[in-house]
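Engineer: Take the given structure of chain P and dock chain G to it, following the hints.
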Amino acid sequence: MELTFWGVRGSIPAPGPGTVRFGGNTSCVSLGTSGGKLIILDCGTGARNLGNSLLGGPFGKGSGAASILLSHAHWDHIQGFPFFVPLYIQGNAFRIHGGAKSSPMLEGILEGQMAPQYFPVQTLKNMGASIEIVAIDEGQPFSVEGCQVTARTNPHGRSGALAFRIEDAGRVLVYASDAGYARTGAPKTSIDLYAHADVLIHDSTYTPEDRERYADRGFSSVDDAVTVAVAAKVKRLVLFHYDQDYADADVDALVARARRLLDEAGASGIEVAGAVEGETLTV
Amino acid sequence: MKVKFWGVRGSLPVPGRKTERYGGNTSCVEVRSDSGTRVVVDAGTGIRKLGKELVAEAVGNTEVHLLISHTHWDHIQGLPFFSPLYQKGNRLCVYARKRDDMHLRAVFASQTDDPYFPIPFDEAKADIAFSELSDSAKFEIADVKVACARLNHPYIATAYRLTVDGASVVYVSDTAPFSDILFEDQFIAQPPTPGAELPKTDLKKLARMREGVVRLCEGADLVVYDTMFTNDDYKRIPHFGHSRPSDALQICQEAGARQLALFHHAPERSDAEVDAILAETKAAAKRDGMKLDVVAAYEGLDISVGRG
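Chains as they are written, first to last, in my numbering: chain P, 1 to 283; chain G, 1001 to 1308.
This is chain P alone, in the form it adopts within the complex (with noise of 0.2 angstroms):
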């Protein structure tokens, strides 16, 4: 599978000269499987980018299709969704894997942002890409173009945000954006989730010490990161959804902190790198 970053940032996006390197956009992950499908991970607004991308190739012609997983429906992962091109070319089909009680409310939620008095388009029915809308059943492995995934809920925010496992042709990938665990650490169902993947994408919003001054806001640290990376016993460690804030050198400095976290915890097998926005990565 191949992976491109098309969004790295939290919580809105970050334009300007500070965020060039790393990328100002908010999170959005696309997936090549090694049958030649495309999964989109979250759709902050690195999905237009990412749609304008694919308009070269069966999107633009209406014969494209596609699967979305959104982690959660805080703005910074679904606000690039209106921008997404693709969902506006007839014959061009989606499906939408997302956590909510009941598919009808997960389509209430995507709608709630095209409403008339903050979208023009209005409603998703105004698109014109066949779009459906799919509740997931946490815990419960499913099949999304032809890869097998399960998602796990993680503590954040109000109503927590799901984390991906995707199993392609014995290669794993799991996408961890969004993670404020316990002071206790991680639950064992989201270590289990993360366990010997390949390469696991994690909320690294903050340095401890933002970690501690803005505890409530259900975020990793670098730290965080590096803590479960290693319980899960991960190939590869990708840092993702930094703090909007935060310059490259920042992030600059978040990276060589895994590092060398990594390397005193004893497992400097594990590779680290920063997640940069139009990066691709081989898995």
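Do not rely on the hints blindly, as some may be mistaken.
As the list claims (entries may be wrong) - With a straight-line cut-off of 30 angstroms between C-alpha atoms, the simulated DSS-like cross-links for lysine-lysine are:
1) G:Lys-1291 with G:Lys-1235
2) P:Lys-125 with G:Lys-1098
3) G:Lys-1018 with P:Lys-61
4) G:Lys-1088 with G:Lys-1125
5) G:Lys-1205 with P:Lys-61
6) G:Lys-1291 with G:Lys-1002
7) G:Lys-1205 with G:Lys-1235
8) P:Lys-125 with G:Lys-1052
9) G:Lys-1125 with G:Lys-1052
10) G:Lys-1088 with G:Lys-1004
11) G:Lys-1125 with G:Lys-1098
12) P:Lys-125 with P:Lys-37
These are calculated hints, taken from the structure and not from any lab test. Because the structure is a prediction, the values reported are computed rather than measured.
Structural biologist: Below, chain G without anything else, positioned relative to chain P:
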């Protein structure tokens, strides 16, 4: 009077190298009178940095008057990240056009509902008041006189003229020209058929709306205008509700305005493209014999307007 631009982009924020100079944050403009009255127009993502500055300046006695042109995301999405909201003692007065279908407070409160945002609106510690305006409202905010006019945009938007310290600034965003389509609350799926005549009642409404905007801009020292579209954009998607620089020039010429700021740049517009649009617009103004000064708004631009 000082006018400072905190966000100049339309549709959605666009971080990246291509927008580094003009800025990628969505619409937010701050107007300060010489006596210190602070009026902010629109709360796109640009308002986040203004909020940080205000919090650094003073804790707990900040008063901000926020005029909202309309409640599309790019004009309100920064408000949950406006730090003064979360400090006791601050006061925020929000003004926007009255709607029959939804109270203004509900429009803003829904933005921070579960599952969209972790902090509910009711947990904001500042004192927040809402004022609903009529299309042609006139009122005062301390020493600042405010006048409104209706704009031609899906779900309807409002233009504001702020007059203080013997100078006037007019904010005209978002709007389509007042010629080919009348925007109200309905969704318009397709551009109009070329050559199709608009109903007489629509033409009348548009003419009246245009006259209202020209009158609002009459003799203004600075007009900030939605010039998101190129001529090609307008040919392709006139039903999206935005203007071209030529539309802004015509309004400024008729109104005898002194300075025009191109504003609400399209998300796909690179810095070099905005430079080119600015150069073309300046040349067009000169060709037409206008004395108008033209600038392209960029993040951080701070203009002294009038004698202030």
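Engineer: Take the hints in turn and mark each one as holding or not.
Structural biologist: Checked hints:
no., hint, verdict
1, G:Lys-1291 with G:Lys-1235, "29 angstroms, holds"
2, P:Lys-125 with G:Lys-1098, "27 angstroms, holds"
3, G:Lys-1018 with P:Lys-61, "28 angstroms, holds"
4, G:Lys-1088 with G:Lys-1125, "5 angstroms, holds"
5, G:Lys-1205 with P:Lys-61, "39 angstroms, violated"
6, G:Lys-1291 with G:Lys-1002, "22 angstroms, holds"
7, G:Lys-1205 with G:Lys-1235, "22 angstroms, holds"
8, P:Lys-125 with G:Lys-1052, "39 angstroms, violated"
9, G:Lys-1125 with G:Lys-1052, "16 angstroms, holds"
10, G:Lys-1088 with G:Lys-1004, "26 angstroms, holds"
11, G:Lys-1125 with G:Lys-1098, "25 angstroms, holds"
12, P:Lys-125 with P:Lys-37, "25 angstroms, holds"
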